[in-house]
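For what it's worth, this note's numbering labels the leading residue of the first sequence as 1, then goes sequentially.
Calculated directly from the structure, the hints in this document are not laboratory data. A portion of the hints provided could be inaccurate.
Claimed, not checked - Restraint ranges, calculated between C-beta atoms of paired labels, are given here: (1) K9 <-> L74: 30 to 38 Å; (2) N62 <-> E169: 20 to 28 Å; (3) G202 <-> E143: 17 to 25 Å; (4) Q104 <-> E168: 30 to 38 Å; (5) K96 <-> E51: 14 to 22 Å; (6) G345 <-> V14: 32 to 40 Å; (7) P44 <-> S384: 34 to 42 Å; (8) Y122 <-> E87: 39 to 47 Å; (9) D356 <-> E220: 38 to 46 Å; (10) E176 <-> M36: 22 to 30 Å; (11) A37 <-> D356: 32 to 40 Å.
Here the structure is a predicted model, which is why all the values come from computation and not from measurement. Every residue gets a Cβ at the ideal spot worked out from N, C-alpha and C, and that includes glycine.
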Amino acid sequence: MKLSKTFVKTFREVGKEETARNAELLIRAGYINKEMAGVYTYLPLGLKVIENIKTIIREELNKIDCEEIQMTALQNPEPWQKTGRWESDKMDIWFKTDLSAGGQLGLAPTHEEPITNMMKKYINSYKDLPVYAYQFQTKFRNELRAKSGILRTREFLMKDLYSFSPDEESHNEFYEKATDAYLRIYDRLGLGDCTYKCFASGGVFSKYSHEFQTFLPVGEDTVYYNKDRSVVLNEEVLNDEVLADLGVKREELESTTAAEVGNIFTLRYKFSEPLGLEVNNKEGKRETVFMGCYGIGVSRVMGVIVEKYADDKGLVWPENLAPYKYYLISIGEEGEKLAAEFENGNKDNIINDDRDMRPGQKFADAELMGIPYRVVISDKTLSSGEAEITDRKTGESKMVKIEELRKELA
RNA sequence: CUGGGUAUGGCGCAGUUGGUAGCGCGCAGCGUUCGGGACGCUGAGGCCGUCGGUUCAAGUCCGAUUACCCAGACCA
Numbered sequence: 001m002k003l004s005k006t007f008v009k010t011f012r013e014v015g016k017e018e019t020a021r022n023a024e025l026l027i028r029a030g031y032i033n034k035e036m037a038g039v040y041t042y043l044p045l046g047l048k049v050i051e052n053i054k055t056i057i058r059e060e061l062n063k064i065d066c067e068e069i070q071m072t073a074l075q076n077p078e079p080w081q082k083t084g085r086w087e088s089d090k091m092d093i094w095f096k097t098d099l100s101a102g103g104q105l106g107l108a109p110t111h112e113e114p115i116t117n118m119m120k121k122y123i124n125s126y127k128d129l130p131v132y133a134y135q136f137q138t139k140f141r142n143e144l145r146a147k148s149g150i151l152r153t154r155e156f157l158m159k160d161l162y163s164f165s166p167d168e169e170s171h172n173e174f175y176e177k178a179t180d181a182y183l184r185i186y187d188r189l190g191l192g193d194c195t196y197k198c199f200a201s202g203g204v205f206s207k208y209s210h211e212f213q214t215f216l217p218v219g220e221d222t223v224y225y226n227k228d229r230s231v232v233l234n235e236e237v238l239n240d241e242v243l244a245d246l247g248v249k250r251e252e253l254e255s256t257t258a259a260e261v262g263n264i265f266t267l268r269y270k271f272s273e274p275l276g277l278e279v280n281n282k283e284g285k286r287e288t289v290f291m292g293c294y295g296i297g298v299s300r301v302m303g304v305i306v307e308k309y310a311d312d313k314g315l316v317w318p319e320n321l322a323p324y325k326y327y328l329i330s331i332g333e334e335g336e337k338l339a340a341e342f343e344n345g346n347k348d349n350i351i352n353d354d355r356d357m358r359p360g361q362k363f364a365d366a367e368l369m370g371i372p373y374r375v376v377i378s379d380k381t382l383s384s385g386e387a388e389i390t391d392r393k394t395g396e397s398k399m400v401k402i403e404e405l406r407k408e409l410a
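All chains should be built: construct the whole structure from the sequences, respecting the hints.
Encoded structure:
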């Protein structure tokens, strides 16, 4: 990408009204734009990061036989009325809107009802099970207060997976597979060393659910854990009964703040029963489908990654998530020619900062944007037939021959 | 929702006892610069969140309202 061709700009400062580090840096670096409280636009760079995150999630879910779909953001109230979740006292985060022709619609806060309802058409026999369907979808939640930048927003991108199994046993099997897939996902997202499976409230669904919590100073949750972190539980379930269940003592636990980056639930018959999602079993008798749901807040994960890796100079992206891998800065005509040639040959991985600016500003922007490798090609480096590559994370520089660079950038 | 705060060019801010708005960044032009956010000159850009009131006169005072921020509560 030629930096001179994009409409995106970086900013030296952002208003004091934006205090969350993730949003401040993402706005300054030109990844996102704030539209209003808890509502953000993803600009070209930010969108590429989102897509990179989605690709990782998609690959891991496809490995465990999940199928991708895309449901609608507009919601028919009917299935929600059947489960009792249309009423605002049951779900206080609804955005509801009126149809011109009369009647109401909801803006999807989640998709258990519509997908369960839809599956009645496709799941009729035990032979149709299991079904694992997921989507990346915009969710709307009318939070009383949006905060923490892109960690808690009113409109956000979520990956939600729903499992439909013939019985509890096969569900549990898949639940374990999904857990493993989640751990692989966090690993690939660069959060593996600080993200743990965590016991949490099952809400109205079941005794427990499991969250995936990333230990992080700005996290909104408080979690308790033992020394080897084999047991991690959310503060909300820290009580004698749960401690006994898990076989740990209160005194053995330490606490920390954490950000929830995923949540998986065993739904049992919570939705399939009221919505009548049943199959004929081998004996030809009706059986209600056993369900589970599995969520990852894609945009929130992006914010968590920013919080984890950013330093005093700006964003720092793990290589597999970065919007571009290389940031080219050329000084002098020869360098400019080479930079243009390299960028032209690999537009998807290279930012060529061809703006008419002084080098200092380009260095600062390269760091602010968090591109993994900064390549400087100048008269100085070219005099020895070389270019300088600087690692964003470590700050270390090394010189490479132009021929080697040409190969690496190809 | 409770408490506190903010709202002035694209961004960040100032604006005294009420007298018709200013600074930095950015932007446009010219020139000098060119490996760590350069400099000089010139210039464009604002119904001061919105509605109403007080006054000869309101960015400034009063009332209302909306949005935004922080803390808390809330949070599949």
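Do the hints match the structure? See the list:
1. K9 <-> L74: 30 to 38 Å: At 34 Å between Cβs, range holds.
2. N62 <-> E169: 20 to 28 Å: For E169 against N62, whose Cβ atoms are near 24 Å apart, the range 20 to 28 Å holds.
3. G202 <-> E143: 17 to 25 Å: holds, 22 Å
4. Q104 <-> E168: 30 to 38 Å: This hint holds: roughly 36 Å between Cβ atoms.
5. K96 <-> E51: 14 to 22 Å: violated, 31 Å
6. G345 <-> V14: 32 to 40 Å: holds, 35 Å
7. P44 <-> S384: 34 to 42 Å: Given a distance of about 35 Å, which is inside 34 to 42 Å, the answer is holds.
8. Y122 <-> E87: 39 to 47 Å: violated, 28 Å
9. D356 <-> E220: 38 to 46 Å: holds, 43 Å
10. E176 <-> M36: 22 to 30 Å: Violated: the Cβ-Cβ distance is about 41 Å, outside 22 to 30 Å.
11. A37 <-> D356: 32 to 40 Å: Since the Cβ atoms of A37 and D356 sit about 37 Å apart, the hinted range of 32 to 40 Å holds.
Hints 5, 8 and 10, counting from the list given before, are not met by this structure.
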